[in-house]
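A.B. asks: These are the residues of each chain, in order.
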Amino acid sequence: MASAGKKVKFDNPVVQWINDRLPIYSILHDQYGNFPTPRNFNYFWSFGAIAMAMLGIMIVTGVFLAMSYTPHTTLAFESIEHMMRDVNYGWLMRYTHMNGASFFFIAVYIHISRGLFYGSYRQPRELVWIFGVVIMLLMMVTAFMGYTLPWSQMSGWGVTVITSLFSAVPLIGDGLVTWLWGGFAVDNPTLNRFYALHFLLPFVICAVVFVHVWALHVSGSNNPTGVEPKSEKDVIPFNPYYTTKDSFGTVVFMIIFMAVVFFAPLVLADPAHFRQFDPMQTPPHIVPEWYFLPFYAILRAFTIDLNIPFTHIILLPAKLQGVIAMFSSILLLLFLPWLDTSPVRSAVYRPVYKWCLLLLLLAVCALTYAGSKPPEGMPLWFGIVGTFYYFLHFLVIVPVLGKYEKTLTPPASISESVEAGHE
Amino acid sequence: MNKGDCKIMKKTLSLFVFLITLALALPVRAAEDETLPHQHWQHKGILGVYDKAAVQRGFQVYKEVCSACHAMKFMSYRNLEKIGYTPDEVKAVAAQYTVTDGPNDEGEMFERPALPSDHFKSPFKNDKAARAANNGALPPDMSLLVKARDGGEDYIFSILTGFETPPADVQLMAGMNYNKYFPGHQIAMAKPLSDGQVSYADGTPNSLEQEARDVTQFLAWVSEPHMEQRKQMGIKVILFLLVFAGVMFNTNRKVWSKLH
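Residue numbers (this note's numbering), protein chains in the order written: chain A, 1 to 423; chain B, 424 to 683.
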């Protein structure tokens, strides 16, 4: 991070001594103490800090879990029961980690929705957004691998279903799956490599978070009006204003998180998590965690093979369509900064687009529902309609509406909008 | 903080709470089969604790009936102290079982009475032996049974009380029994409990319902032995966080009030 030109003087001689040799205190002062930040953030802007806190909690609890966990097919389930029963506060670490994954995703999904609504992905913050999408992808991979480690029925069968998706890749599919598994079935090599990666990836996430925040500190934060700060009146120093505001937001989030950990730790867990993996017995429903359900529904929304007309030669099997759609649904977010053509950044001043975003939220809810049910009847239709709208929104509505929508006029400056709010 | 800010904050907060609720409510799993009759379990409430007397009676039912076929491999005899048995009582319970230990200095395995530190002795040497003795069916380990079944306590209680003579149109497979709550209705386990099956030392009437309720509560404790400690700690954590939130709210308001 570029440290500012003017030297900061510190009263504490030890701090001054260190800072002369390694300017971490100047950097903290410039990037957090004094960092000019728009004065009009609402509480949706706290979710970045909340997500950061969740990442910290996940790493700390995860390291403690790793101290008692044994990555072997015959011992994994038992070692977790050992920590749940006999290791001091093992149950606390495990339930915090298990539910922490869900709350990490809640925080991150709200953080992303905020970016979508207020146009935080727009020029000049494209890289901030792109690194954000990379973080989400890494989180998904990490969460999926963590899900495997208890070696329960849901773990084993979840891995079998998801890794088998790669068999849809033309020509090399089957070989790819064998390579991923490290054998011809989901077995000990699979568990071992997933454990190694599950331990590694959070630190990769930390590195990408650093880059995400670095890029953010170059462009500065967006704000609810979507209007760039123009004068000193528009900004305030990050500390103390947003340190206190984000702290309050984080504590409120922690109240809800802790209430679930202590009073309803199993509310998001499927009973099949508490049966040891049995490769000979498939559980009746294989359901991923809730945060994967929308993508799982997109995967299963494609049911018709595409043939060359009037022949039985399959061009694009349904399974491959689903796999392509699922991966594109996330990857297309990378292109969002260039898909959005509207002259106005924040959806607050886009009367039509606002409703489209609400529809997108509904579509994602419909997909979540569809993903939790077997793909037939009503749920399948929810999945198909949801998938249709999801892609329609990003590939058609966002580029076309931006050109034709009659937008409202955003305020001339942030301070003007704050003044208006006071009246 | 001025009125406008307050209003915005309230709005954002309520939206935030709404979103969380939505996120939590949406993927609600088909937690229970609708046909399972609902029972009241005192330990299920937010502050509910186990009924120690019932859990102890439930242990008696498990020991005298269930443990003939069902293992409980994650439990140790010493854990029984947590439901109110004295160390001497636990020692006496453990001593009723013989376990294999070793090898000794001569390299031989040997038998000895179980100690409180030993895990519950399994009724069968391995899964194959369990299947061989049970007409091909594997009696599941009971350490996590309540957490591992849709419907939890209600499911266990329903199965135990749901044995019936099959309706005329149902053709049972060889060795199977009819249970109205078991998925598919055909269960390999024969009716395990009936009126008067165990005699309780505390004089509690030993009806089928009573035995089923007691053993269900024992199994609930076995699958979640730290529940009471968890809830007690939870109250302290939430109280602390509420006070902390209040402090942060005021600090934040004070900091922002200086801004014009």
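The hints are simulated quantities; they were obtained by calculation from the structure and are not laboratory data. Hints may be right or wrong, so weigh each one.
[Claimed, not checked] So the derived list for chain B, only partly shown, Cβ under 8 Å to chain A, looks like this:
no. : residue
1   : Ile469
2   : Val472
3   : Arg653
[To be verified] Listed next, with one range per pair, are the computed distances between beta-carbon atoms:
no. : chain 1 : residue 1 : chain 2 : residue 2 : range
4   : A       : Pro237    : B       : Val670    : 16 to 24 Å
5   : A       : Thr178    : B       : Gly619    : 54 to 62 Å
6   : B       : Arg554    : A       : His82     : 50 to 58 Å
7   : A       : Phe327    : B       : Lys551    : 42 to 50 Å
8   : B       : Asp511    : A       : His72     : 33 to 41 Å
9   : B       : Arg676    : A       : His82     : 45 to 53 Å
10  : B       : Ala515    : A       : Met280    : 54 to 62 Å
11  : A       : Phe263    : B       : Pro606    : 25 to 33 Å
12  : A       : Gly377    : B       : Val593    : 24 to 32 Å
13  : B       : Asn527    : A       : Val169    : 37 to 45 Å
14  : A       : Phe263    : B       : Glu531    : 30 to 38 Å
15  : B       : Gly559    : A       : Phe263    : 37 to 45 Å
16  : A       : Tyr404    : B       : Pro606    : 32 to 40 Å
C-beta atoms are modelled at their ideal positions from N, C-alpha and C, and glycine is treated no differently.
A.B. asks: Next step is simple, just say for each hint if it's right about the structure.
C.D. replies: Against the structure, the hints:
no.	hint	verdict
1	Ile469	5 Å, holds
2	Val472	13 Å, violated
3	Arg653	6 Å, holds
4	A:Pro237 <-> B:Val670: 16 to 24 Å	22 Å, holds
5	A:Thr178 <-> B:Gly619: 54 to 62 Å	59 Å, holds
6	B:Arg554 <-> A:His82: 50 to 58 Å	26 Å, violated
7	A:Phe327 <-> B:Lys551: 42 to 50 Å	43 Å, holds
8	B:Asp511 <-> A:His72: 33 to 41 Å	38 Å, holds
9	B:Arg676 <-> A:His82: 45 to 53 Å	47 Å, holds
10	B:Ala515 <-> A:Met280: 54 to 62 Å	40 Å, violated
11	A:Phe263 <-> B:Pro606: 25 to 33 Å	30 Å, holds
12	A:Gly377 <-> B:Val593: 24 to 32 Å	28 Å, holds
13	B:Asn527 <-> A:Val169: 37 to 45 Å	57 Å, violated
14	A:Phe263 <-> B:Glu531: 30 to 38 Å	51 Å, violated
15	B:Gly559 <-> A:Phe263: 37 to 45 Å	42 Å, holds
16	A:Tyr404 <-> B:Pro606: 32 to 40 Å	55 Å, violated
In terms of the numbered hints stated before, the structure departs from hints 2, 6, 10, 13, 14, 16, listed from lowest to highest.
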